[in-house]
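Heads up: the protein sequence lines correspond to chains A and B, in order.
If you read the first sequence in this note's numbering, its first letter stands for residue 1, the second for the next number, and so on.
If you read the second sequence in this note's numbering, its first letter stands for residue 1001, the second for the next number, and so on.
Honestly, I wouldn't trust all of these hints.
Simulated crosslink set (SDA-like; lysine to any residue; CA at most 20 Å straight-line) [to be verified]:
1. 1025(B) / 11(A)
2. 1025(B) / 15(A)
3. 112(A) / 1088(B)
4. 1025(B) / 47(A)
5. 1092(B) / 97(A)
Hint data in this document are derived by calculation from the structure and do not stem from the laboratory.
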Amino acid sequence: MIMKLKCARNIAELARIVAATHAFCEEQGVVNEIWPDVDFAIEELFVNMVKYNKDTVSEIEISMTTVPGGVSVTLIDHNVDRFDPRERAPVDVTLPAAQRKPGGLGVFLTLKLVDSFSYDYHDRTSTITFSKRREARDV
Amino acid sequence: MFEIESPVAGHVLMRGRLDAVQAPKAEAFLDAVKGEIVIDLSGLEYISSAGLGVLLRKHKQLSTKGGALQVVKVTPHISDIFKYSGFDRLFKIEKAS
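Chain A with its partners taken away, still in its complex shape:
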């Protein structure tokens, strides 16, 4: 069973994404305790695509499927430049407030919260896949 969604490049789509993914998780019996982390990862990756890939009007495709103990989620963005979130400089979470700058924290936390993360870039299409399972986080 797979859930597929095509989204306009607008953060207002987040409500529809949450509704669709929660309905899928409910239907498939995905454990509730992982939902917030899945929501977080999807939001951060989707918002990044909307914010930084301004030269395209292509819809962003989101799909979700179950894996043992959790879900696997894929986000596909067409007609964009390459951007692997893992290549961002890590955020220093030990800095005092005055030295903290906006940006980067969402991706940093996403990579902490998910259990696997892959990035593929072909024909100007970025494909990100992550999984989240019930097992303990490695943080």
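Fit chain B to the given chain A structure using the hints.
Below, chain B without anything else, positioned relative to chain A:
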């Protein structure tokens, strides 16, 4: 759904989901609250980095006057997010009992 209100001076309640869509609403509300504040997060189900940014901005505002943001009744998931982002070193955080 996201709701923010200040039933008593210096005390703010947040409920629902503080995501990238709702962050501007939270930011505008907190900007209008003057002086020290305590934010009750008992009803906050979810926060994204946009919401974290709102809290950090308010904390910075208070810090310039020698204050600090105080958040109380923080649920386990949001407590984890604060920990991973290092916010537990910045704010006064009280977990939900």
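Hints, one by one, checked against the model:
At roughly 14 Å between alpha-carbon atoms, residue 1025(B) and residue 11(A) fall within 20 Å of each other, so this suggested pair holds. A threshold of 20 Å between alpha carbons decides the hint, and for residue 1025(B) with residue 15(A) the separation of about 16 Å falls inside it, so the pair holds. This hinted pair checks out: residue 112(A) and residue 1088(B) have alpha carbons roughly 16 Å apart, not beyond 20 Å. The suggested pairing of residue 1025(B) with residue 47(A) holds, with an alpha-carbon distance near 17 Å, which does not exceed 20 Å.
Restraint check for residue 1092(B) and residue 97(A): the C-alpha separation of about 13 Å stays at or below 20 Å, so the hint holds.
In this structure, every one of the numbered hints holds.
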